[in-house]
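A.B. asks: Sequence:
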Amino acid sequence: MINIPKGTKDMLPADSHKWHAVEAVARSVARRYNVKQIRTPVFESAELYLRSIGDETDIVNKEMYIFEDKRGRRLALRPEGTAGVVRSFVENNLGETLPLKVYYIESLYRYEQPQAGRYREHHQFGAEFFGSPLPSFDIEIISMAHDFLREIGFDGDGLTLELNTIGCPTCRAEYNKALRKFLADNTDKLCDDCKRRAATNPLRALDCKVKSCREVYKSAPSIRDHLCDDCKAHHKAVTDGLDAAGISYTETPDLVRGLDYYTRTVFEFVRGGLTLLGGGRYDGLCESLGGKPTPCVGFGCGLERLIDGAEKNGIAFERPAPDVYVAAQCDGARGECARIVRELRGGGLAAETDIMGKSLKAQFKYADRQGYKYVITLGESELESGVYTAKRMADGATYEIRKTDVLGDVRRII
Numbered sequence: 056m057i058n059i060p061k062g063t064k065d066m067l068p069a070d071s072h073k074w075h076a077v078e079a080v081a082r083s084v085a086r087r088y089n090v091k092q093i094r095t096p097v098f099e100s101a102e103l104y105l106r107s108i109g110d111e112t113d114i115v116n117k118e119m120y121i122f123e124d125k126r127g128r129r130l131a132l133r134p135e136g137t138a139g140v141v142r143s144f145v146e147n148n149l150g151e152t153l154p155l156k157v158y159y160i161e162s163l164y165r166y167e168q169p170q171a172g173r174y175r176e177h178h179q180f181g182a183e184f185f186g187s188p189l190p191s192f193d194i195e196i197i198s199m200a201h202d203f204l205r206e207i208g209f210d211g212d213g214l215t216l217e218l219n220t221i222g223c224p225t226c227r228a229e230y231n232k233a234l235r236k237f238l239a240d241n242t243d244k245l246c247d248d249c250k251r252r253a254a255t256n257p258l259r260a261l262d263c264k265v266k267s268c269r270e271v272y273k274s275a276p277s278i279r280d281h282l283c284d285d286c287k288a289h290h291k292a293v294t295d296g297l298d299a300a301g302i303s304y305t306e307t308p309d310l311v312r313g314l315d316y317y318t319r320t321v322f323e324f325v326r327g328g329l330t331l332l333g334g335g336r337y338d339g340l341c342e343s344l345g346g347k348p349t350p351c352v353g354f355g356c357g358l359e360r361l362i363d364g365a366e367k368n369g370i371a372f373e374r375p376a377p378d379v380y381v382a383a384q385c386d387g388a389r390g391e392c393a394r395i396v397r398e399l400r401g402g403g404l405a406a407e408t409d410i411m412g413k414s415l416k417a418q419f420k421y422a423d424r425q426g427y428k429y430v431i432t433l434g435e436s437e438l439e440s441g442v443y444t445a446k447r448m449a450d451g452a453t454y455e456i457r458k459t460d461v462l463g464d465v466r467r468i469i
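The opening position of the sequence shown corresponds to residue 56 in this note's numbering, with each subsequent residue numbered one higher.
Since the hints were made in silico from the structure, they are not lab data. Treat the hints loosely; a few may be bogus.
Unchecked claim - Each pair of labels, with its calculated beta carbon distance range:
1) Thr307 with Ala233: 18 to 26 Å
2) Asp423 with Gly401: 20 to 28 Å
3) Asp386 with Asp423: 34 to 42 Å
4) Arg251 with Thr152: 37 to 45 Å
5) Thr152 with Gly327: 38 to 46 Å
All C-beta atoms in this analysis are idealised placements derived from N, C-alpha and C, irrespective of residue type, glycine included.
Throw the hints in and build the complete structure from the sequences for me.
C.D. replies: Structure below.
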């Protein structure tokens, strides 16, 4: 037997309703915010990710699936969603009418150690908004993310929005000087990755997950002490806007996120220590990929982690029940069963009949396991009279269904 590759997971039929429920909420919230769907290729030029994500990120250093095609072009499987969307925005001149708000639901690939809620192939719901440097843009995308999680079921006191600003390139340059000095003074306490980042990209060191490094960084200088006046004003306007929108948050000065393109606002939604969704502002990415300067904000949400976190927090995903199973009591009734099913399906109902040659008892057992709401049974007497019996599986109640108006009668009882 050939087994599934390490770090991947099948979506089985018994679990598909969970994914459908989450994706339906995502699309519903996107529609209400006038956010249109975008789809980008599963692989891109490796240079796209090297240039946008940053050479010192774990994704580039350790996790990207990079390969050469038959003509020697260096390509990479998509490790995150934003870079491909921005590439498409620039390449297809999508900035003619702004703001442009798009969302995606797609697979991502990272070669990392599999663990709970984290896979080498995983799926993400994300949104990217293009066009405005105003704090209202930040508030808009945070509000969309908040509504999405709330409608999944993550509401109440347990859901926390962690918020920070990491400044603009101008004020961050001053902060990097102070951070480099701090890292140099504590180099003997740092892991090898942080020692390398101290010289090349000190802000990335703060995103380290090694416990000993996390302890060291508790006394690191704060970006808040080095913000320029514009960044301070921007952050103040974001928090004021969240207050006005009734979205509570926690100021988290050590939150930096793991990608180089972020500027100013960064945020994460956390429940019970599990990060469900994260994002922020990235005002320089379009220009760095050859486009016009275009301020942007975005977020990403891993669906495997979200579904796992939802179930651990007692959020149930209701399995939709199909409508009508039509059971044949004798072989002579199978043709009429098939006709009824075609009529019901044509009317928009979920209907099925036996295609396995099962006995009547086995047909009822199958209908019960599949969760059908009603079973219509046809035998010789029903064929002769033109009146069928529909049984409600929940309580055994029965109803007459006329051959001359099967769809109307079924709709009436449902």
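A.B. asks: Hints first: check each against the structure and report whether it holds.
C.D. replies: How the hints compare with the structure:
{"no.": "1", "hint": "Thr307 with Ala233: 18 to 26 Å", "verdict": "holds (19 Å)"}
{"no.": "2", "hint": "Asp423 with Gly401: 20 to 28 Å", "verdict": "holds (25 Å)"}
{"no.": "3", "hint": "Asp386 with Asp423: 34 to 42 Å", "verdict": "violated (22 Å)"}
{"no.": "4", "hint": "Arg251 with Thr152: 37 to 45 Å", "verdict": "holds (43 Å)"}
{"no.": "5", "hint": "Thr152 with Gly327: 38 to 46 Å", "verdict": "holds (41 Å)"}
Of the hints listed earlier, the one the structure fails to meet is number 3.
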